[in-house]
Amino acid sequence: MHLTPEHATRFATATLAHLGREYPYKMDLVLNGPEDARPPRAHHPIFHGSFDWHSCVQGWWQILRLAHRFPDLPVAADIRARAGAMLVPEKVAGELAFLSRPYSAAFERPYGWAWLLALHAEAARHDAPWGAALEPLAIAFAARFHAFLPKLTYPLRVGTHFNIAFALLLARHWAETLDPALVALIDTRARDWFAADRDCQAWEPGGDEFLSPALTEAHLMAVVLGDGFATWFDAFLPRTAAGQPVTLFTPATVSDRSDGKIAHLDGLNLSRAWSWRAIGAALGPAHPGSPVAEAAAQRHLAAALPHVTGDYMGEHWLASFALLALDGL
Numbered sequence: 001m002h003l004t005p006e007h008a009t010r011f012a013t014a015t016l017a018h019l020g021r022e023y024p025y026k027m028d029l030v031l032n033g034p035e036d037a038r039p040p041r042a043h044h045p046i047f048h049g050s051f052d053w054h055s056c057v058q059g060w061w062q063i064l065r066l067a068h069r070f071p072d073l074p075v076a077a078d079i080r081a082r083a084g085a086m087l088v089p090e091k092v093a094g095e096l097a098f099l100s101r102p103y104s105a106a107f108e109r110p111y112g113w114a115w116l117l118a119l120h121a122e123a124a125r126h127d128a129p130w131g132a133a134l135e136p137l138a139i140a141f142a143a144r145f146h147a148f149l150p151k152l153t154y155p156l157r158v159g160t161h162f163n164i165a166f167a168l169l170l171a172r173h174w175a176e177t178l179d180p181a182l183v184a185l186i187d188t189r190a191r192d193w194f195a196a197d198r199d200c201q202a203w204e205p206g207g208d209e210f211l212s213p214a215l216t217e218a219h220l221m222a223v224v225l226g227d228g229f230a231t232w233f234d235a236f237l238p239r240t241a242a243g244q245p246v247t248l249f250t251p252a253t254v255s256d257r258s259d260g261k262i263a264h265l266d267g268l269n270l271s272r273a274w275s276w277r278a279i280g281a282a283l284g285p286a287h288p289g290s291p292v293a294e295a296a297a298q299r300h301l302a303a304a305l306p307h308v309t310g311d312y313m314g315e316h317w318l319a320s321f322a323l324l325a326l327d328g329l
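Heads up: the sequence shown begins at 1 in my numbering, then just goes up one per residue.
Mixed in with the good hints, there may be bad ones.
To be verified - Once the Cα atoms are required to be at most 30 Å apart in a straight line, the calculated DSSO-like pairs of lysine-lysine come out as:
| # | residue 1 | residue 2 |
| --- | --- | --- |
| 1 | Lys91 | Lys26 |
| 2 | Lys261 | Lys26 |
| 3 | Lys151 | Lys26 |
To be clear, the hints were calculated from the coordinates, so they are not data collected in a lab. Since we're looking at a predicted model, the values are computed, not measured.
With these hints in hand, go ahead and build the complete structure from the sequences.
Next comes the structure, spelled out in structure tokens:
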């Protein structure tokens, strides 16, 4: 399965419908006084839709990516018009102001930080002022990575928003062209945390996870280690060619898509597809695990793609993960 114009239209149409949908909205906010009890758009001039801040950010990444990939689709004109109205310096200044609030150091750490960097990288690809407008916000979040990573003693291996490997994948992609020092820091920390990992048991998924701790780690190491990845991977998941551990090769069952946490499991299937594809490509066609990885990716895609839209609990964010699975970063 690969990204098609039909996918692009379906995803972008759904996302445009919720990027400006202010309610329901889950705030990440420490109230410093009664004056802080204001509507979402008062705190976030751009990212006040799509249920929460990070989902709004990744929704913007998704529609800009689709407009770049399929510039002649009718929906692309709507995307460009919306971006022209929203991704402007004065609104970015409002988002920056939120970061200077007391107790905001951990705001959206690290998931939202990484998606903002991914959004800036995508915006900068367009012949438009959006990337320049978002640049101060991207620099602010990059500075937070620089400050945070050296003091994070232990890696965050969970399968939810706190997963550090996923955040570093997105942050490193941004930093490759804009912040070589951050690339070096990410690579050092990834080796510190993960280089000695062996024989992963992959006791997953958890009931509300949308990332695979095992596969996201391997995906990051594929990027960090380059030609040395296959050797590391063979020690990390030594029975991949035999389809073991079976938990990594079996799509998750989603019992209730109206439950926002259980609906995370559709995202798990999509993010696993993305990571399995990247892992297979990094291993190379001669490696016995490569065709197994691609087959696993296809199974996970087939399980999740029909459910990207349909219920708001998944619809407000799943298309961004579907885009990763179909088209990469």
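* In ascending order, which of the hints set out earlier in this document are inconsistent with the structure? -> none
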